[in-house]
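Guided by the hints, dock chain B onto chain A, whose structure is given.
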Amino acid sequence: MINIKCFGIAKEIVDSDKASIERQTISVTDLRQHMNEQYKAFTQIKGYMVAVNQEYATDDQIINAGDEVAIIPPVSGG
Amino acid sequence: MNNSINVIISEDALSIDQVYQNAVHESCGGICLFVGTVRNHNKGKEVTHLDFETYTPMAVKEMKKIAEQAIEKFGVQQVSIFHRSGYVGIKDIAVIIAVSSVHRDACFEACQYAIDTLKETVPIWKKEHLEDGSYWVGARP
Numbered sequence: 001m002i003n004i005k006c007f008g009i010a011k012e013i014v015d016s017d018k019a020s021i022e023r024q025t026i027s028v029t030d031l032r033q034h035m036n037e038q039y040k041a042f043t044q045i046k047g048y049m050v051a052v053n054q055e056y057a058t059d060d061q062i063i064n065a066g067d068e069v070a071i072i073p074p075v076s077g078g
Numbered sequence: 001m002n003n004s005i006n007v008i009i010s011e012d013a014l015s016i017d018q019v020y021q022n023a024v025h026e027s028c029g030g031i032c033l034f035v036g037t038v039r040n041h042n043k044g045k046e047v048t049h050l051d052f053e054t055y056t057p058m059a060v061k062e063m064k065k066i067a068e069q070a071i072e073k074f075g076v077q078q079v080s081i082f083h084r085s086g087y088v089g090i091k092d093i094a095v096i097i098a099v100s101s102v103h104r105d106a107c108f109e110a111c112q113y114a115i116d117t118l119k120e121t122v123p124i125w126k127k128e129h130l131e132d133g134s135y136w137v138g139a140r141p
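In order, the protein sequence lines correspond to chains A and B.
First residue of the first sequence? That's 1 in the working numbering, and the numbers climb one at a time after it.
First residue of the second sequence? That's 1 in the working numbering, and the numbers climb one at a time after it.
Among the hints, a few may not be true.
Below 30 Å or equal to it, Euclidean Cα-Cα: the simulated DSS-like pairs (lysine-lysine) are [unchecked claim]: (1) B:K127 with B:K65; (2) B:K73 with A:K11; (3) A:K18 with B:K61; (4) A:K46 with B:K45; (5) B:K65 with A:K5; (6) A:K5 with B:K73.
Since the hints were derived computationally from the structure, they do not count as laboratory data.
Excised from the complex, chain A in its bound form (with noise of 0.2 Å):
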């Protein structure tokens, strides 16, 4: 199972801070699809990119079960 950290818009959207796909292996091209099929929301927004163990992920990036994963909406501190 995929575990996904959600912040900001993205935990309003999934309505919890954190979300699941029950799969061992998924692209970061994939897990998009899947929150913006199972979220619509999602495609509302500016975007978001997705972290993989506290690194931003590139689209082609393969994430497995067990990784640290979050979604990250567009940033807006200082």
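Structure of chain B alone, referenced to chain A:
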């Protein structure tokens, strides 16, 4: 020179003096201090306060990268980046960056680089609270 960086995310009020003291160095002729504060209006609406959410372990990593890049690019001595989490009221401090360098040009440039990059890469989110609602800044087109 022995460079150093110091990054912190804090639930408590930030101390300008603490950040400043971290940047003081005997080899340096200047310290550039940027203090980001919360203003009471945005896009014509009255703001009551902000709430910062942070992905703390990754945010700390990204802040360290910025500090290291600032040293590498501009040859500065010390870089400190402190950011708040949680409730931050009007006029309160959201972020402090302090950079020291031998001569002033480098610390001005590095300080500007640090705050500009922080706003682009560090996983921290600002929820702006207005009199009639609230929203995540920058999330929607």
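Outcome of the hint check:
1. B:K127 with B:K65: Given that 30 Å is the threshold and the Cα spacing comes to 25 Å, the pair holds.
2. B:K73 with A:K11: 36 Å, violated
3. A:K18 with B:K61: 21 Å, holds
4. A:K46 with B:K45: Distance of about 22 Å is within 30 Å: holds.
5. B:K65 with A:K5: 22 Å, holds
6. A:K5 with B:K73: Violated, at roughly 33 Å.
Checked against the numbered hints listed earlier, the structure breaks hints 2, 6; every other hint is satisfied.
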